[in-house]
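Enquirer: These are the residues of each chain, in order.
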Amino acid sequence: MNALLTGLRGFAGYFSGVLGADAYRKYLEHHRDSGHAGPPLTEREFWRDHTDRQDSNPQGRCC
Amino acid sequence: MGTMPAGRPQTADPEDGITPVPGLPPTAVDETVREAEERKWTPGKIALWAAIALLGGVAWFMLAIIRGETVNAIWFVFASVCTYLIGYRFYSKVIERYITRPNDRRATPAEYKADGKDYVRTDRNVLFGHHFAAIAGAGPLVGPVIAAQMGYLPGTIWIIIGVVLAGAVQDYLVLFFSMRRGGRSLGQMAREELGVIGGTAALIATLLIMIIIVAILALVVVNALGESPWGVFSVGMTIPIALFMGVYLRYLRPGKVMEVSIIGFVLLMAAIIGGGAVAGTEWGAAFFHLDKVSIAWGLIIYGFIAAILPVWLLLAPRDYLSTFMKIGVIVMLALAIIVVRPEITVPAFSEFASRDNGPVFSGAVFPFLFVTIACGALSGFHALISSGTTPKLIEKERQTRLIGYGGMLMESFVAIMALVAAISIDRGIYFAMNAPTALTGGTVETAAQWVNSLGLAGVNITPDVLAQTAKDVGEQSIISRSGGAPTLAVGLAHIMQQFIGGTAMMAFWYHFAIMFEALFILTAVDAGTRVARFMLQDSIGNFVPKFKDHSWRPGAWLTTAVMVLAWGAVLLMGVTDPLGGINTLFPLFGIANQLLAAIALAVVLAIVAKRGTFKYLWIVALPLAFAAVVTITASFYKIFSPVPAVGYFAQNAAFAKALADGKPSFGTAKTTAAMEAVVRNTMIQGWLSVIFVVLSIIVIITAVIAAVKAYRNAAKGIANVEYEDPAQPSRVFAPAGVLPTPAERELQAEWDKLPADRRLEHSARH
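Chains X and W are the protein sequences, given in the same order.
According to the working numbering, the residues represented by the first sequence are 1 to 63, in order.
According to the working numbering, the residues represented by the second sequence are 1001 to 1766, in order.
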């Protein structure tokens, strides 16, 4: 049962990675690692910026 | 200079000139260790690869040589997977060794440009899924279905062999070289490597190709939704669902992507089920029953609004939904085919394989089969993705093989699955669904009569079967639903109902399939319009600087409108074409897509030559030559063929003459207006073919010139101009393949022992 749960959790983690759901966590990691002086963006600010930047930097989706 | 834990000195490598960062374990597996590991053939390894080769060989034998009554679908799975494994393990390794020559001691853009937003190191297996979701869409689901007209074998061979030698090579190389250039786009690379003329031609060609691709994808949706109240309702509901998701993510629970995707998915399922109920009521059937022209106009208006709305409101949430569905659907389809293992009755080569007047698409196997199946075998559009987001996310250089080459193999597998689904249905139904109304007559009686008159071996369809199939999948009619999507949906419903749910679920599965294809296509249409609009803005910006300002509303709206009108015009042309839009336009889609592939390969050819790799240049030259020959020949047929069904201008002349002679109807055009439409459409399509082929020839010639120049320079000892970003030492390590090798595991253990604070990227301070 535990193995199943771990497997499911692993899959969910992978899936959220593919979806890009972990973008904020990765941003925080980067912020911490690169030694920025200021506080990081909040989750709300980050996602707002995340989609707003796509407005001016569109990415193709293939056929 | 300190020493590394392994005791190696921290000096610049004489080969690559990179000085490793002191105090860190090696960032790459030692070259000799890796080499020894790769070259060591243990008995177990030999047995494994022998088994794979044997199984693949047997599967190909079953598909290509044995001529039984039927062939089991499982052989398609074995033939493709075994060939992919061999191609991945051996051919892509050759490319890696002699052409890309990745260096894991070198930092990737995700490392040296890290910003936590666009440039983010991403786990290779996650990135594989991410890249796959970006490249695969409706294309590999549609082309193979249409190509099934020729029988299963030509398509199967082209999809599997084509991807190993061409499609995956293109994706891998573009990805790698874009990564070496900090994630530069194909257009920028073309400009640098090919000069102003080649670069400009590449840019214009890309823009036109995007218009054609978006238009024909939209045509596939229109054909799938025309006169289908259920489909219109459930696909229409994706818009409010996406809007809700957008608001949810922006205001209610920002960042809860997984959560909102699941909510969206549940709503989507509800929309499909609800669609059945709504279409069952009298008012629903009346309200959502739209003809193709209305749907086309709806799509055009929708396309414009979607492209000017902020990304967060519609595009981003639908993208999540589309990715969510994509992975799920493909896993499900593969599972179902492996479990159900349908028997295929379609012959290896059909009666149309040796003719050029097939009802689904016209033209002979060569070159038209090779352009009908673009996505899944060789898709130029991928070059735009491989030189877009993905190179900015790669963690280590060696991972490009898994992501670029491997990702494309995966798409090819999707194409094979789609082919299997399409050929698992009765051939009579296949032709009744895919031939234009002009041939089938539009009713079950006329369609059955027409199909039976084709003289196809083993085909004898009754009107009842056609009517019953339509009833099973919850449609009013399945006659002349060309475009590939409905056929795939019937095939998928046919397979899935044996897996889950039985016949009662067929209608659900059918509309589920239509829904996800529409979802992929709408996402591609939105994103394509946006990308094309930015390209147009930048191009106009060279003359009117104001246009370069992307936030300038009038400019953005104007260029969006131009782009939408451009693809909208082609779409309407296809919808109203008396000859059947898919039949005439689909070749143009494939030609456009593969011309883009030729352009991408031409750019790669120039780069590889400039790096001094002449002995293995054939690896790039081979797919380039093939793509060039196929597309240029196909274009020439389309331009010069005297056969009206094939040549645009021949068709044009035939109809123009009929008009001049004052005939009230001609061929499949029953009115003067329809005849005039044919004259107009063929003229536009013909000139588009001319422009495409001219632009592509310019790009290919400039690339060959650049390659020859590089060769002469090398002979004279002159260094070629290098556009790669300067090499910087990496400070991270990650394995290259899906599973780490023993040497990689050993090195990883060394890294894991490193105190956390030293593992971090303090260099990226800003």
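Do not rely on the hints blindly, as some may be mistaken.
[To be verified] Derived coverage of chain W by chain X (criterion: at least 3 residues anywhere in the stretch with Cβ under 8 Å from a Cβ of chain X; other residues may be distant):
1) 1133 to 1144
2) 1339 to 1348
[Unchecked claim] Distance windows between CB atoms, simulated:
3) W/1069 - X/11: 37 to 43 Å
4) W/1097 - X/11: 31 to 37 Å
5) X/11 - W/1687: 46 to 52 Å
6) W/1726 - X/32: 24 to 30 Å
7) W/1746 - X/9: 25 to 31 Å
8) W/1243 - X/32: 32 to 38 Å
For the record, the hints were derived by calculation from the structure and aren't laboratory data.
Every residue, glycine too, gets a C-beta built ideally from N, C-alpha and C.
Enquirer: Which numbered hints are broken by the structure, listed smallest first?
Expert: Hint 2 is the one this structure does not satisfy, whereas the remaining hints hold.
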